[in-house]
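6 protein chains.
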Amino acid sequence: MILRLDRIATALPPPSEPDPEGARAVQELLGGKFGEMSTLMNYTMQSFNFRNRSVARPFYDLVANIAAEEFGHIELVAMTINNMLTGASPTDDGKAPLASLAEVKGVGQPAHFLQGGQGALLQDSRGLPWTGDNVFASGDLVEDLTHNFFLETGARNNKLKVYEMCEHPAARALTGYLLVRGGVHQVAYARAIENLTGADLTKLFPSPRIPTDKIPECQPHIKKNEHRILYRMSPFDYNELPAVFNGMHPETGEPLEVIDGPPEGAPVAEMPAQPAVFAPDYAPEEIAEIASKLRAKAGIEATPEEMPAVKSGLVNRAKGVAGKVTP
Amino acid sequence: MILRLDRIATALPPPSEPDPEGARAVQELLGGKFGEMSTLMNYTMQSFNFRNRSVARPFYDLVANIAAEEFGHIELVAMTINNMLTGASPTDDGKAPLASLAEVKGVGQPAHFLQGGQGALLQDSRGLPWTGDNVFASGDLVEDLTHNFFLETGARNNKLKVYEMCEHPAARALTGYLLVRGGVHQVAYARAIENLTGADLTKLFPSPRIPTDKIPECQPHIKKNEHRILYRMSPFDYNELPAVFNGMHPETGEPLEVIDGPPEGAPVAEMPAQPAVFAPDYAPEEIAEIASKLRAKAGIEATPEEMPAVKSGLVNRAKGVAGKVTP
Amino acid sequence: MILRLDRIATALPPPSEPDPEGARAVQELLGGKFGEMSTLMNYTMQSFNFRNRSVARPFYDLVANIAAEEFGHIELVAMTINNMLTGASPTDDGKAPLASLAEVKGVGQPAHFLQGGQGALLQDSRGLPWTGDNVFASGDLVEDLTHNFFLETGARNNKLKVYEMCEHPAARALTGYLLVRGGVHQVAYARAIENLTGADLTKLFPSPRIPTDKIPECQPHIKKNEHRILYRMSPFDYNELPAVFNGMHPETGEPLEVIDGPPEGAPVAEMPAQPAVFAPDYAPEEIAEIASKLRAKAGIEATPEEMPAVKSGLVNRAKGVAGKVTP
Amino acid sequence: MILRLDRIATALPPPSEPDPEGARAVQELLGGKFGEMSTLMNYTMQSFNFRNRSVARPFYDLVANIAAEEFGHIELVAMTINNMLTGASPTDDGKAPLASLAEVKGVGQPAHFLQGGQGALLQDSRGLPWTGDNVFASGDLVEDLTHNFFLETGARNNKLKVYEMCEHPAARALTGYLLVRGGVHQVAYARAIENLTGADLTKLFPSPRIPTDKIPECQPHIKKNEHRILYRMSPFDYNELPAVFNGMHPETGEPLEVIDGPPEGAPVAEMPAQPAVFAPDYAPEEIAEIASKLRAKAGIEATPEEMPAVKSGLVNRAKGVAGKVTP
Amino acid sequence: MILRLDRIATALPPPSEPDPEGARAVQELLGGKFGEMSTLMNYTMQSFNFRNRSVARPFYDLVANIAAEEFGHIELVAMTINNMLTGASPTDDGKAPLASLAEVKGVGQPAHFLQGGQGALLQDSRGLPWTGDNVFASGDLVEDLTHNFFLETGARNNKLKVYEMCEHPAARALTGYLLVRGGVHQVAYARAIENLTGADLTKLFPSPRIPTDKIPECQPHIKKNEHRILYRMSPFDYNELPAVFNGMHPETGEPLEVIDGPPEGAPVAEMPAQPAVFAPDYAPEEIAEIASKLRAKAGIEATPEEMPAVKSGLVNRAKGVAGKVTP
Amino acid sequence: MILRLDRIATALPPPSEPDPEGARAVQELLGGKFGEMSTLMNYTMQSFNFRNRSVARPFYDLVANIAAEEFGHIELVAMTINNMLTGASPTDDGKAPLASLAEVKGVGQPAHFLQGGQGALLQDSRGLPWTGDNVFASGDLVEDLTHNFFLETGARNNKLKVYEMCEHPAARALTGYLLVRGGVHQVAYARAIENLTGADLTKLFPSPRIPTDKIPECQPHIKKNEHRILYRMSPFDYNELPAVFNGMHPETGEPLEVIDGPPEGAPVAEMPAQPAVFAPDYAPEEIAEIASKLRAKAGIEATPEEMPAVKSGLVNRAKGVAGKVTP
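Protein chains in written order, with numbering that gives the first Met the number 0: chain A, 0 to 326; chain B, 0 to 326; chain C, 0 to 326; chain D, 0 to 326; chain E, 0 to 326; chain F, 0 to 326.
The following block holds chain A by itself, in its conformation from the complex (with noise of 0.2 Å):
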């Protein structure tokens, strides 16, 4: 089971000039083979299928944790699709007969519009659908360990090029934080490997070569320490990460260090009504109204919007939590 926090894994920026075409490029990272679907589903199914848990319980903690990670970094990516493609069509009203989509005919993916409302879809940059075909799950150990370390070395691949393709604030930072997770992740399953089996791996880093050093957007997070960092993603479990995830960065040779709890992350943006697509139909105005009733029946207040510090407060309380947690 999981529990949800509605905090996404790190801030990004507002909607700015819309960018369909790079939308559409972005898409790679969450329907691509290579994409964060499919490292959630990867490590979610290779935890589930986990057999004989208890004698290998390191690793098993390994990838259930990692997995749980993922599901932040599929949210961050439908976020910067949608912030891309905010302002493509007006936000003021639109509906025909105005030709409020003319604009984007023939630009980047048009399913975002005319199969989405302006917002992220399971698909990559062809437009092809994400398929359960791209996980793999064996039951073998040391074979799903390989998969994983391949896989991440794909995904690094890739969001390298996205980043080089695609220069919008959102992908920017999108791309800047994924660098450096996935970097942890790739290097997570090294260890894991190295761990296991007694095969050194380190001289196979940096795979491939991503200049993380020189890239802007990966500074504030590799300050941060996120580039050596496990979060153990869990208020009560997982707590045999070390037995894996430790030794040495195989590229900059510091310490590897397991953090209990979530990063603290960022309030979910909001973005704007796109009314020409129904996203959501209603006037915004009638949908808000029809909720403050409902609420004043339920006795309710309404959840504020933006209260960064208490919320990270309330983040910090789970950590202590989870942190405090002795079996």
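Errors might be hidden in some of the hints.
Any copy, or any two copies together, can satisfy a pair, since identical chains are not distinguished.
[Claimed, not checked] Simulated pairs of lysine-lysine, DSS-like, Cα-Cα distance not exceeding 27 Å: (1) Lys292 - Lys202; (2) Lys292 - Lys213; (3) Lys296 - Lys202; (4) Lys222 - Lys292; (5) Lys213 - Lys296; (6) Lys223 - Lys292; (7) Lys213 - Lys223.
Please keep in mind that the hints were generated in silico from the structure rather than gathered at the bench.
We have chain A already, so just place chains B, C, D, E and F on it with the hints.
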């Protein structure tokens, strides 16, 4: 973001007689168009793509929160499949030149043994992979809710038919539980539509006509009121659920209720190794020994495998924390 | 546009022993690459996309008119599958907690029961959905006709093999009919190529070598000359068929002939309810009662179920009307 | 079975400025999940698989009859795409070594030119083929009707967005018509659900909120009452439609009405040849000459191309026949 | 089994102006339904599955031998795509934080840059992967030959349209060559059908009507008689080709001829590195240095890159060997 | 380009008891994600797309050369499937009205009989077609090699499981051979990574843990050193293999070695006709007679069917030629 708990939503019986044909059928509930992967990813993507969420928060909270419970459902279906496949090949070695898989030649889904490691695959009962095109996220709140109501209706249909086809105890425990919980989600989306538009869908219930009151495996869950309860699957968020999930159950007339925190659930059952399919490879004892050394090196005590009481105590504490949250 | 007749192209025997394995095989004739859905949609799309049709009208008429007959063929295949599945679960209730589908676990195509309601699915014998990529509509008349000749050739191959695999009376009635009618279409496209280019394809017949004269289920249709007749499936249009469909049958040497109007056909057979799979849901009596009240309210007499004579009289009148049409 | 009419459901303007990007978008209405191919095949398959139809005939008639109208809709969408592609390559030869397709390199859907002959393809706006997995035919009447109501809702969403994206006169004529007719089908399924279960869906309308009254291209059809009329698309059958399609239109309060016979429609427009893509191959004059000789040999007068009055007279006679039918 | 030669079937011009839109179009000739991957795998699978080949050897030899030539065609198409993509990103580094792919955002097939390394992908012009369902291998010799004739017809259609769309010198060199060679295969299958059944397909030529005599890029190959020659692509086998590939060319009246050995071909062109997409990763100099050390250690002299004369001498010797073979 | 040899890589036993269920399983080794079609096309596409190959030639040679051997592997798997299907329908006619396929109704993969002619299909054990999306060709040499190492690892897993499932002599001969040869390729890619990066993967072997020393069907090949030999599959090229394929075998400690020329192999076995499925159509005697006349007309002696000694002499001569090549 999510936090993950190393517990499943409800207890499954231990592996008994293997049933690969049944396991093939249960795949429909994992990777079918109306399977749990579809409910998970539909609500997840809708929550990511929700525009103007501040004004429509009760509806956002509903969709986002049900998404979180669905993760526990794909987990449960996968576990059931693993359970039904356990023992279909020898659990004590059985590698070539033995013909350890000869007995399952032509039985059930060959991919369970050839592509997977006697484990769940992200595909339906035909062997077709789940696809991102199963997701509908139009951004139009009324349409999305209408879709979700229909999706849950189709899902209930599938669950009953799998119940009728599979007498395996794990399949029965699974479908008994899912029929009850899926019913809640169907009601939840109907109530959301009613609260938003004023349309009264009460007379559509039950759809399809499922005699849950006559199904023995549903009774324990009904007794615990799980047919009228919505779990708030977050330590801090989704507090506006009661604004939408309220009123009476259309079938029983009992009040609908929101409960803070996840179901108590059950520990994740240990599945024995299946060495003939390399799951996991290495002799289990070797892995155990390696893991043991790694733990020792990291100064970690082994996680005790069976501590339901303690575990559930922890979960209760988590609920407590969540229950006390005020903005 | 089309008008629809509530009759099928030829009579099928009433449901007898259920045969789910056979039904899986017959799916190849519905959703396979060479199934009736492919013939229907190839000719339909070619007719839609036909350029310069005024100058090439005899060829346009041929393609457009055969498309219309193919609709009756997908109908017939679907009806056959339903026929073969009927009774595979109890026809008197059988809902959970009964294990009404236990006997078909691992039998045939599980999707017939899990995804469908013991009914035909738009997929092939493997369970793969029919796809629009099965359509070839190049716009090049010679190429399209060459394709169609090849398509009918492959389709005949498939029909004979399904005949050999399935001894179920409905499957035999179906394939006996389709072998005869598909043969006409194969001849029609060969004649069209010959009339357009001068190439003589006569010596390619029969391809494949099918002994229609030895197949009992073909004889009634051959006796009615249905192996050398093309039905003009329109009350007013496609009058230039005889300009292309003419000459001698390449196998029998008999004259090819165009007949105004559709085959007399047979009434659509009533299939009994299969309540274990919710087909249809509600008890039949309840639906009957509701329908009865709705009819009464609308002042409509119930349609008598079995009036083949009258029906066929009506069809004859339709033929009459069509036969008298002059521009 | 069906009879085919060589007329389309409504007139389209003659080809004007080619618009390949627009044609790519319109493909969504042909081969998209919510396109006309989906409505056609969903209702067609549901009608084939209908069990116990005698007791539920009013509902059977509704589904079977709307299926028939949908054939006219895939035809109309295909014609629109052909219309929008016409002239994108030279209409006077243009074969290699000319670079006649250089101007459409990188424009719209390349498959329109490479796979097709500047004609419609059975795929969506992404280029993905329509698939049989888009069909839902559960056999459960309530579920199927719920699905159909949802499908029409999603289809209306898509139509309006294509309207907003494509200013091409053919696309506008198409969507103006389909918005009106699709609205009738949405109402029809809502009324069927209401008549069957008693649930009142009136307040769900309009869903999505489409301002048909403000869309100029809808007005001619609204004036002809086509927003509240159901055509009985059969010369003899589906006479129980009024038992289900009755009451008031949920948006306008006007009475719903069943009309015998198809829409008057319009002649199928002639599309000029596109020789650069071999559509059709041979010089048109050559084909004309061959056809002419074939006609002469068969003693057939050429079908006059443009006789809308006569044609529509014929259609009226057909309606007359159908209107007089009594069992 | 095969032996591989490090030569391509015909020379391509060196990379010039990059043309990603053109490269997307050329993909149709690699991974499209009528692309070279389809011809390769259709004939290959037919040759594997050939039953009773001893009695039908001339036909077996034809299919198996043409399969071998098709390998050289997928190679050539892939090389052309690489050629057209070369230089679309900087060839001197260009890694992030540079925006080296910004100029190709929204240009052509994004997957060329994101999924591949500016290289060919096994997909069609839409980005859909080639699929094994494109293979037809019925085992029926007449049907398979009919299919192959049709496949080559469709393939020629596609080649001409790609010619018309792409003015890039590499695309023109490719299509000029393939039009000539594909024409031979089309003739070969027509002759096989004629020799087997007696049907005369001569009048179907040319289909489609391609003016090869007017296409400058076809002339060098026609001058070398490559429009009427079949290469025997084996040092020892497929000696019965002349029993089927004989008679006159249906378009030119010249004699058809079998030549021992492969085309002389051309050296494989070196494509420069594209470091922005990690192709290949490491600086080229580093790889060069490593390779150099490895060669030295193994006592191997570097293979000289450009020795067309010597190379072709070797090929001639190979032909000589093959020509002298007697059983 | 390639030259083709009419020999298979290793001898298979003659057809014995038909085993359609086993044949379905063996399909995984042909069209599965880790089947031979995947290894063939991954290495083939990587070799086509190799940039800067002159400086990295030892690595290019390795990938290009292994690709060539893989062609022999898809051939061998296809032959095995044909072998296992032979005799499943009568070999002496059996056409309708006989029910010659009734015994295989519901047995194995129905498409083997309905879509194919009792022959191999390009699909996996589920019946899903092989897809071009199984190819990974990033252009990054380290990534591609890492992928290939992983691909071979997964392929070995699949091969052993097919061995365990299928006791049919042909399946056993196949998997015994492929386990040995696939092991060489796995080692080759590991060595390439080691030689390129310095990372030592030795301790990853064996992965998965396959007891080749205990598998009888592996022994003949091991005795011939085929577990440590790389064949140079070219008469003239890929001479730099020893620069990469060198050092010791990680499992046995024996030296790795490059051999000039292909394996000696075995003649292609004749498969008897299966007339019930039209494979090939016409009575075999008819075809024999036609072929005989065609040969006579062309002045060709029939190729003797069984001359392994002579044949292998020819192959040795080819090796001789290749061995003498100097630039």
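Classify it for me, Lys213 with Lys223: is the Cα-Cα distance of at most 27 Å met within a copy, between copies, both or neither? Answer is within; shortest intra-copy Cα gap is 16 Å, inter-copy 53 Å.
Can you give me the call for Lys292 and Lys213, within, between, both or neither, at a CA distance of at most 27 Å? neither (52 Å within a copy, 31 Å between copies)
Up to 27 Å CA-CA - Lys292 versus Lys222, copy category: Result: close neither inside a copy nor across copies, 46 Å intra and 33 Å inter.
At most 27 Å between C-alpha atoms: does Lys296 with Lys202 qualify within a copy, between copies, both, or neither? Only across copies: Lys296 and Lys202 sit 21 Å apart there, 63 Å inside one copy, limit 27 Å.
State whether the alpha carbon distance between Lys213 and Lys296 is at most 27 Å within one copy, between copies, both, or neither. The answer is neither: 55 Å in one copy and 36 Å across copies each exceed 27 Å.
With identical chains, the pair Lys292 and Lys202 could be close in the same copy or across copies; at 27 Å between alpha carbons, which is it: within, between, both, or neither? between (62 Å within a copy, 18 Å between copies)
Treating 27 Å as the Cα threshold, decide for Lys223 and Lys292: within, between, both or neither. neither (44 Å within a copy, 31 Å between copies)
Violation of the numbered hints given earlier is confined to hints 2, 4, 5 and 6; the remaining hints are satisfied by the structure.
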